[in-house]
Amino acid sequence: MRPLTDEEMKQVFGKLVKYIGENTSLLINRSDDTYCFRLHKNRVYYCSEKLMKKAASISRENLISFGSCFGKFTSSQKFRLTITALDYLAPYAKFKVWLKPSAEQSFLYGNHVLKSGLGRITENTPQYQGVVVFSMSEVPLGFGTTAKSTSDCRRADPMTIVCFHQADIGEYLRDEDIL
Amino acid sequence: MAAIDCNIGSILEQIEEKEKEALKSVQIEKELVDLDLGLCLMVDNNPLDSNELRSKKEDYLLNLAKTNGQFLMNNLADLETETVEGYTCVKLPAGKTPIPRALPIPKPKPPTKWETYAKEKGIQHKKREKLVWDDVAKQWKPRYGYNRINSTKDQWVVEVPQNKDENTDMFEEIQEAKREKVAKNEFQRLRNIARANKIKGSSLTPVLPKDGKEKETRDEVMNAAAVARVSTASLGKFDRKLPNGLDKIEAKLSSKAAKASGKKRKFESNFDNIDKEKKRYSDILNKIDKGDKIDGNKALSIITQKKINAAVKSDNEKTKGKDRKSKKGKKAGKRVSFHNRSQQKKKQMGSKGGFKGKSKGGPRKGK
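These protein sequence lines map, in sequence, to chains D and Z. For what it's worth, full-length UniProt numbering labels the leading residue of the first sequence as 1, then goes sequentially. For what it's worth, full-length UniProt numbering labels the leading residue of the second sequence as 1, then goes sequentially.
Note that these hints are calculated values from the structure, not bench results. It should be emphasised that the depicted structure is a prediction, and the values quoted were computed from it without experimental measurement. A few of these clues could be false.
To be verified - One-sided excerpt, in silico: chain Z residues whose CB lies under 8 angstroms from chain D:
#, residue
1, Phe71
2, Leu72
3, Glu277
Unchecked claim - Quick look at which bits of chain D chain Z covers, simulated, 3 or more residues with Cβ under 8 angstroms:
#, stretch
4, 1–9
5, 12–22
6, 136–147
7, 163–175
Positions of the beta carbon are idealized from the N, C-alpha and C atoms, including for glycine.
Use the sequences and the hints to build the structure in full.
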């Protein structure tokens with residue numbers, strides 16, 4: 001376990017900013033407790049300072065996880081958000097996409113969101129913007145990036161992809177062993 | 001006496017019977033048996049008697065093993081024997097049973113550079129006899145190695161060529177040439193090993209650019225650049241960085257240069273002052289573009305609108321300027337005309353911009 005270098009932090013924040021914009025600073029300056037980011041076995045964990053100190057007393061090989069995993073650095077040193085970060089992305093999300101109940105299952109199986117499955121979308125969402133995907137009953141299902149801006153969505157065919165899939169809560173079952 | 005005779009006869013009979021019995025237990029006839037005397041191996045293919053196996057397993061198996069062992073020994077005894085140091089030995093034939101290798105088959109050696117070249121050109125190895133007739137010494141001499149033909153050791157005088165200084169030690173030159181040859185051969189041998197093991201950028205391969213015959217790989221160029229970077233008096237501290245567009249290459253290069261300079265990577269402490277860490281986080285965050293992207297279309301339309309406005313204004317001014325021109329002197333007129341030209345240019349640009357704005361800004365209007 002170690003703190004992230006400036007380069008790594010830049011990558012992590014760069015990804016977070018794509019989804020929650022300036023709300024990222026709320027993750028750093030929290031009123032309830034001091035929270036920090038730590039790198040452990042190529043994964044980035046977000047946890048309170050107290051928990052971090054306790055976790056640090058466990059040897060590297062034996063420590064599996066602590067706090068909540070935000071994502072991992074790939075072998076080419078790129079940062080990738082994992083579904084476990086959803087709990088922190090969903091409440092702060094700047095741009096949201098809501099799915100029709102009929103399209104929920106398809107998305108949870110790892111497919112992109114089609115125009116036909118799009119229930120609602122935040123006004124003025126630009127193209128290729130990181131969005132959090134919700135069901136109509138406001139349950140966060142995952143996140144992705146928009147393939148089309150809001151205005152383009154209106155005119156799109158029902159079968160065109162509106163939002164690219166990046167992560168969904170179905171991964172908790174599908175990729176249980178690698179999460 | 002008769003009684004004794006009788007006794008002797010009966011004893012002899014008894015002995016004979018015993019011998020017969022002993023022979024009986026030794027003489028065994030078996031069928032369906034595979035024998036490999038070379039390996040002292042016997043395989044009994046007869047099915048086991050399941051009844052006996054069930055009733056008295058241990059006895060049955062022991063007996064079977066005993067008879068089979070005897071059978072094998074009988075066959076071995078039939079073979080040719082010889083006496084070595086007082087012991088009778090059996091000459092075993094070659095084994096028939098194929099036995100799997102203990103170790104995997106060795107991999108073929110990777111071909112050297114010469115071997116690949118020879119194969120490509122179809123050059124085949126010609127076997128030459130080792131001994132050559134030496135006309136001078138009037139005897140056969142090895143082609144190479146110790147006491148070889150045309151050895152430099154046999155030369156007691158060497159001619160100095162005309163293009164060389166007459167004081168050069170030709171013997172030394174010959175020795176030097178030999179040393180160079182050996183060194184070159186050793187270098188090539190190491191290079192072959194390196195090629196076989198696909199080692200790149202190690203101490204075996206030169207860091208400097210190659211002679212142009214072989215192309216450098218991307219990695220090798222990178223290594224050379226990294227070494228060059230830290231090869232200044234300040235170990236590359238004040239070296240210029242690559243321009244902005246090459247961030248990725250710069251990052252790789254600097255990490256390689258750091259390795260080449262022998263610096264170890266260092267991380268922040270896990271239990272550093274948390275406020276300091278927080279400040280570090282927010283500093284980094286402030287540097288990052290917050291994702292409030294500039295809407296290109298909107299910005300363009302605003303800019304073009306401004307330009308159009310300016311052009312319209314200048315048009316108005318132009319008409320005013322003309323009025324002024326008629327009133328004022330030549331100089332002022334010139335200045336005005338210049339001013340007008342620039343305005344015209346702006347106007348053109350503005351009209352162009354205006355077209356762009358319309359075509360791209362169109363969909364935005366529909367929103």
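Verification of the hints:
1. Phe71: violated, 59 angstroms
2. Leu72: violated, 56 angstroms
3. Glu277: Holds, about 6 angstroms.
4. 1–9: The restraint on the stretch 1–9 of chain D holds, since 7 of its residues have a Cβ under 8 angstroms from chain Z and three suffice.
5. 12–22: That given contact holds, which follows from 6 residues of the stretch 12–22 of chain D lying within Cβ reach (below 8 angstroms) of chain Z.
6. 136–147: violated (count 0)
7. 163–175: Result for this restraint: violated, n = 0.
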